[in-house]
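S.K.: Start counting the sequence shown at 147; every next residue gets the next number (our numbering).
There may be inaccurate statements among the hints.
[Said to hold, decoys possible] Using 30 Å as the maximum straight-line C-alpha spacing, the simulated DSSO-like pairs for lysine-lysine come out as follows:
| id | residue 1 | residue 2 |
| --- | --- | --- |
| 1 | 405 | 479 |
| 2 | 405 | 198 |
| 3 | 513 | 271 |
Please keep in mind that the hints were generated in silico from the structure rather than gathered at the bench. None of these values were measured; they are calculated from a predicted model.
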Amino acid sequence: MGLVGVQENGNGEMGSSVVSLGSKNKYRRMDSQLTEDCDDASLHHHQEDRSKSIRKFVFASAVFASLNSVLLGYDVGVMSGAIIFIQEDLKITEVQEEILIGILSVVSLFGSLAGGRTSDAIGRKWTMALAAVIFQIGAAVMTLAHSFEVLMFGRLLAGVGIGFGVMIAPVYIAEISPTISRGSLTSFPEIFINIGILLGYVSNYVFSGLPAHINWRIMLGVGILPSVFIGFALFIIPESPRWLVMQNRIDEARSVLLKTNENEGEVEERLAEIQLAAGMTNGEKYEEKAVWRELLSPSPALGRMLVTGFGIQCFQQITGIDATVYYSPEIFKQAGVEGNTNLLAATVAVGVTKTVFILVAILLIDKLGRKPLLYVSTIGMTICLFTLGLSLSLLGQGQVGVALSILSVCGNVAFFSVGIGPICWVVTSEIFPLRLRAQAAALGAVANRVCSGLVAMSFLSVSDAITMGGSFFTFSAFSALSVLFIYRLVPETRGKSLEQIELLFQSEHEWQGREVELGDVEHLVQKE
147 MGLVGVQENG
157 NGEMGSSVVS
167 LGSKNKYRRM
177 DSQLTEDCDD
187 ASLHHHQEDR
197 SKSIRKFVFA
207 SAVFASLNSV
217 LLGYDVGVMS
227 GAIIFIQEDL
237 KITEVQEEIL
247 IGILSVVSLF
257 GSLAGGRTSD
267 AIGRKWTMAL
277 AAVIFQIGAA
287 VMTLAHSFEV
297 LMFGRLLAGV
307 GIGFGVMIAP
317 VYIAEISPTI
327 SRGSLTSFPE
337 IFINIGILLG
347 YVSNYVFSGL
357 PAHINWRIML
367 GVGILPSVFI
377 GFALFIIPES
387 PRWLVMQNRI
397 DEARSVLLKT
407 NENEGEVEER
417 LAEIQLAAGM
427 TNGEKYEEKA
437 VWRELLSPSP
447 ALGRMLVTGF
457 GIQCFQQITG
467 IDATVYYSPE
477 IFKQAGVEGN
487 TNLLAATVAV
497 GVTKTVFILV
507 AILLIDKLGR
517 KPLLYVSTIG
527 MTICLFTLGL
537 SLSLLGQGQV
547 GVALSILSVC
557 GNVAFFSVGI
567 GPICWVVTSE
577 IFPLRLRAQA
587 AALGAVANRV
597 CSGLVAMSFL
607 SVSDAITMGG
617 SFFTFSAFSA
627 LSVLFIYRLV
637 PETRGKSLEQ
647 IELLFQSEHE
657 WQGREVELGD
667 VEHLVQKE
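All chains should be built: construct the whole structure from the sequences, respecting the hints.
M.R.: Okay, here's the thing in C-alpha cells:
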C-alpha cells in the first residue's frame, strides 16, 4: 500500500509535473505564435511602406525626366498663336511663316541623332540637362529677336535642344521603370507635351491683348521657365541602371535597381538579365560590331524592330497632328470663326481636350495593352479627319460648319492622345536591344521629327493647292493605312520585360502579333 501510495504520490506529482510542463509548453507556443504573427505583420507593413516609397520615387523620376517634353509642347502651342503677332510685328510672308514653324522639327532631328551617342557617352541623366540648357539659350534668343533672321537662329538652337529631350526622356523612363507600370510611365513625356501645348494656348490667350511688338516675345519667353525645374530634378533622379551596366558600374546599377524595384529578391535576377542584354558577363564586354554598322546592316530581328519603330513614328506625324495643332487658328478661320480672341479661345479647347484624353491612355495602357488603344486611336482619327475634310469642303462657314469643324479637330486630338500619341514613344523605347536602344530610339525620333517638319512646312502651301479640306482627306487616308500597319507589324508588349520584348522579334510570326497575343491570353488564363 505504501508502495502504491508512493506510486500514486509519484504519479500525482508526475501528473502535476506533466500538467504544469504541458501548460508552460502551451503558453510558450501561444507566445511564440503571437510573436511570429507580430513579426509577419511588421514585415508586411515594412514591405508596404517600401513599395509605396519606391512607387513614389519612380513616379517622381518619370515626372522630372518628362519636363523637357513640356518645352516641345509649349513651343508647339505658343507658336500657333504667336505667329499671328509675329506676322504683324516683323512683316513676314506666308512662306517664312511655314519655315519658321516647321524648321524646329527639322532641326530637332540633329539633336535626336546626336542624343543617342551623347547619352551613351555621358549618361541619360546629363543628356536631359544638356537638352534643357540648349533650349534655354534658344528661347532667350527668340525672345529678344528683332528680325526674322535672329528669330530663326533662336528656333534652330531651340530645335536642337528639343531633339535631345524628345529622344532621351522615353528611353530613360523605360529603363528605370518596373515592368508592370512601364507603359504608363513611359507615356509621361506625351502627357507633358500635351500640358505644354495647353500652356502655350493659354499663354497666347492671356497675352494676346498686349501690343503686337511685345506680346509674342512674352509668349516665347515664358517657355524658359520649365527648364529651370530640370536643374532641380538632376539632384533627385538616378542614372539609368542599364546605362550603368553598360559602363561596367555594376554596384551603382544594383543600388538604383533596389530603389526602383519593389521586390528585392528580383534585383539580382534583373541585374543578370540586363548584363546579358548588354553583352556583358563577369564584368567584361563582348566584342560587338559598331552600333551604327549594326543599325545600317541589321539582322532579320533588328530589321523587324526598325520597321516597327520607324513605321509607328512616321505614322504618328503623317496623319497630320502637327498641322492640326500648329495651324488650328487657320483651320478655325477657314471654318468661319472670326476675331483673334475667338480663334485663340477655340485653340484652348483643343489643348484641354488633348490633355484630358492623354490621362485616359495613362490609366489604360498597362491594363488593356498597347494594340487595343492603338486600334481605337487610329480608327477614331481616320473618322474625325475625314469628317473635318467634309466640313471644310462642303459646309462652308455657317454655324453648323464651325461646330462640326471644332468638334472634328477636338475629336482628332482626343483619339490621338488616347493611343498613337503616347504609345508611339512607349513602343519605340521598349523594342530595341539595350546595346542599341539609345541610338535606335534616336533614329526613331529623327523619323518623327522629319515627318513633323515636312507636314508643318508644307501644310499651308499644300492647302492652297488642293484646299484645306483636301489636305485633311489626305491625312485621313494615311490614318487608315496606319490601322493596317498596326495590325500587321506592331506586337503587343504589355506585361513583358524589356529583355523579353527583344525576343518577340526573333520570329516573324511573333513579330506580326498573332501568336504572341494568343500566348498572352493563355498565360493570363493560366494565372487566373
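S.K.: Please write out, lowest number first, the hints stated earlier that are contradicted by the structure.
M.R.: 1
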